[in-house]
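> Chain residues, written in single-letter form:
Protein chains: 2
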Amino acid sequence: MLAGGIGGARFLRGLKSVLGSGEGTDGSDPEITVIGNTGDDITLFGLKICPDLDTVMYTLGGGINEEQGWGRAEETFSVRSELAAYGMQPQWFGLGDRDVATHIVRTQMLSAGYPLSAVTEALCDRWRPGVRLIPMTDERVETHVVVCDDEGRRAIHFQEWWVRHRAALPAEAILPVGVEKATPAPGVLEAIEAADFVLFPPSNPVVSVGTILAVPGIRDAVAAKTVVGVSPIIGDAPVRGMADACLSAIGVETSARAVAEHYGAELLDGWLVDDADAGTRVEGIDVRSRPLYMSDPAATEAIARAAVDLALELKERA
Amino acid sequence: MLAGGIGGARFLRGLKSVLGSGEGTDGSDPEITVIGNTGDDITLFGLKICPDLDTVMYTLGGGINEEQGWGRAEETFSVRSELAAYGMQPQWFGLGDRDVATHIVRTQMLSAGYPLSAVTEALCDRWRPGVRLIPMTDERVETHVVVCDDEGRRAIHFQEWWVRHRAALPAEAILPVGVEKATPAPGVLEAIEAADFVLFPPSNPVVSVGTILAVPGIRDAVAAKTVVGVSPIIGDAPVRGMADACLSAIGVETSARAVAEHYGAELLDGWLVDDADAGTRVEGIDVRSRPLYMSDPAATEAIARAAVDLALELKERA
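Residue numbers (numbering that gives the first Met the number 0), protein chains in the order written: chain A, 0 to 317; chain B, 0 to 317.
Any given hint could turn out to be false.
[Stated by the list, open to error] Quick look at which bits of chain A chain B covers, simulated, 3 or more residues with Cβ under 8 Å:
{"#": "1", "segment": "69 to 78"}
{"#": "2", "segment": "81 to 91"}
{"#": "3", "segment": "100 to 107"}
[Claimed, not checked] Here are some chain A residues pointing at chain B (derived, C-beta under 7 Å):
{"#": "4", "residue": "Phe-44"}
{"#": "5", "residue": "Gly-45"}
{"#": "6", "residue": "Asp-96"}
{"#": "7", "residue": "Arg-97"}
{"#": "8", "residue": "Arg-125"}
[What the hints assert, rightly or not] Chain A is nowhere near these chain B residues, computed Cβ spacing over 12 Å in every case:
{"#": "9", "residue": "Thr-32"}
{"#": "10", "residue": "Gly-68"}
{"#": "11", "residue": "Leu-109"}
{"#": "12", "residue": "Val-162"}
{"#": "13", "residue": "Glu-171"}
{"#": "14", "residue": "Gly-177"}
{"#": "15", "residue": "Thr-182"}
{"#": "16", "residue": "Asp-219"}
{"#": "17", "residue": "Val-286"}
For the record, the hints were derived by calculation from the structure and aren't laboratory data. For glycine and all other residues, C-beta sits at the position ideal for the given N, C-alpha and C.
Chain A with its partners taken away, still in its complex shape (with noise of 0.2 Å):
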C-alpha cells in the first residue's frame, strides 16, 4: 500500500483486521508493506518531522490521538509553549512534547549516519504497528505550494500552506522538491515486486499517493502490479482533509472519476467509489460502489475487505 497520513493509517487498520485474519492468496498471514509518503516531512526547530510516517506508526502502533487524527494521545505541550516564550518562530505547527520525543530519536540516528528507512524500523520497534513500514525514499523531498497574495508569489513548504493557511491560499502550484533526484528507499521497489497487488488507500492523490507515485522508479513499479484505488473523494468534496485545494492546483476536477483518471489506466486496474458516485465509468477501469465513509472499524474493514476482493479478482482475471 501507498499511505499518506490519516487517510491511509485509518485504511490500514481495516486492511489489517482483513489480512490478518488469514486472507492472503497463500493461506497464511500475508505481510503488508506500506510505502509512506515524506513529502510532508519538515525540519523545525532543528527536529526532523515526519507527519505522515508518524500518523501511521501512531495509529497502528495505538499511540494516535483519535479525535484528532494525527499527533500523540495524551499529549502535553510545555515544549511548544516554551519555544513560543522564546520567541521561536514558526508558532503554527502543532508540537507537542511527546511527540518531540519521537523526533529527537530520529533526529538522532539521522546525525549518526542511518538513512530514514533504518531509522523508521527502529521507530517501529517501539510501536510494533504490525505492517513494514517504509519511507518512499531516504532522500529529502519537501513538497512546496506555490501561493500568491498581498506579500506577492512565494513558495512555501507544504506544512505551512497546510496548517498555517489551512490550504486556504489558493495554490498555483505544488512542487515535490528534489523527486526527480530521489531514489526509493531500499526495499521499496523490492516490496513493490514481490506484492500480491497493490492498494491506494483514501489518501490525497496529489500530496501523498502522487509525492510518493513521482519518485523515479515506483510509478513503473507500481504499474506492473494489479492497482485497486480507494477514492478520497465523494460527491464533490474529499472525505476529509483540503484535498480539493490541491486537486485544483494541479487543474483536476474534485470527483472520484477525475482522481480515477488522473492516476490513469495504466496505473490502475480497480476503482472503488461511495454509493453517491455509482455508475462513475473511467475507460479501462474496473469501477465499484459501496459506501465508503470509514465511520467506524466494522465499516473500515468492509471498504479495505471490497479492495482486497476487487484486486484479487481483478489479479485473477489478468
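Position chain B relative to chain A; hints supplied.
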C-alpha cells in the same frame, strides 16, 4: 562573580537585593556580571545542556523549581518518559519538557553558528535575570571524573558521576577536559578588569569556581582584584551538594580553612566562614565569621551584604 549552579544562583539573589539598592561604589545601581561555569555542560539526545547557566538564569528569572533548586517550576516530563519508551540512553538525567525547549533553542542557535555567549545573551533576553551572565568560555570544556569500580578504571562525564552515581563512586581525579586550550568568552576578562571586586559564592570550589579559574587568563585577572569568597563548607560538610567528594578527589580536606588555602592568598583577600568555623585562620586572608546558611531571602541577603562590605573594606585598605 564566578558562579556554579544552585549555590551561586541563590547567593546572586541576595547580591541583587544588596547591590540593586544603590550600594555600588559610585552610588548608582552597579552592574553585576556573572561568569558562569560550563564544565558541567553535556550534550544529550543531540541537545546542548548547560546546567549551571540555566540554573542561574531560571533562578534569577523566576522560572526555577524552588524546592529542587534546579530545573523548571511546573515542569512536565513527557519527552523524558517517551525517550525511555524508545529505549534511549541515558535515562538518569532529569530532562523536563520546559527545560528541553531551552536546550532546543540553544542547540539551534549554536548550530546556526552563534557562540555560546551570544546564545546565553539571547536566552537571557527572555529571562531578564538582572545580571549580565557570560559563560566562562565559548569553547567546549567538559569535566570528566576518573572512577574505578567492578567495571574497571574509566573516565565518565561529570554529570554521570554527579547525577547517576550521586558522587558515591570515589573519584580518583577530576579533569576539566579541554580547559587548557580554552579561551575566556568575549567580555569575561574585560568584566573582571572593570570590576570593583570579585566574589566567589558558596559554589563548589572544585568543579564550579575551580573550573572557571582553570580557563587560561581568568585566574590571573581575578588575582589582580579584591576577591572575597563565601565558604561552601560549614563545619566539615558542604552546605549542600557533594563538594566533599570533589575535594577528596583533589586531596583537599573538607573544611572552610582548607578550601581557603586551596584557593590561596594570592587569589583570595577575604573569606567568610560560618560561626561554626569561627577562629579559622588562613595566612594572608582576612577571615570573618557569621551565619552562612542561605535559609531564606533575608539570611541570603545578609550574607551577600557581609561579602560586599568585606570586599569594599579590603579594597579600601589595599
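> Now, for every hint given, state plainly whether the structure supports it.
Now for the hints, and whether the structure bears them out:
no.: 1; hint: 69 to 78; verdict: holds (count 4)
no.: 2; hint: 81 to 91; verdict: holds (count 6)
no.: 3; hint: 100 to 107; verdict: holds (count 6)
no.: 4; hint: Phe-44; verdict: holds, 5 Å
no.: 5; hint: Gly-45; verdict: holds, 5 Å
no.: 6; hint: Asp-96; verdict: holds, 4 Å
no.: 7; hint: Arg-97; verdict: holds, 5 Å
no.: 8; hint: Arg-125; verdict: holds, 5 Å
no.: 9; hint: Thr-32; verdict: holds, 23 Å
no.: 10; hint: Gly-68; verdict: holds, 20 Å
no.: 11; hint: Leu-109; verdict: violated, 10 Å
no.: 12; hint: Val-162; verdict: holds, 19 Å
no.: 13; hint: Glu-171; verdict: holds, 31 Å
no.: 14; hint: Gly-177; verdict: holds, 22 Å
no.: 15; hint: Thr-182; verdict: holds, 27 Å
no.: 16; hint: Asp-219; verdict: holds, 36 Å
no.: 17; hint: Val-286; verdict: holds, 44 Å
Violated hint: 11 only; the structure is consistent with all others.
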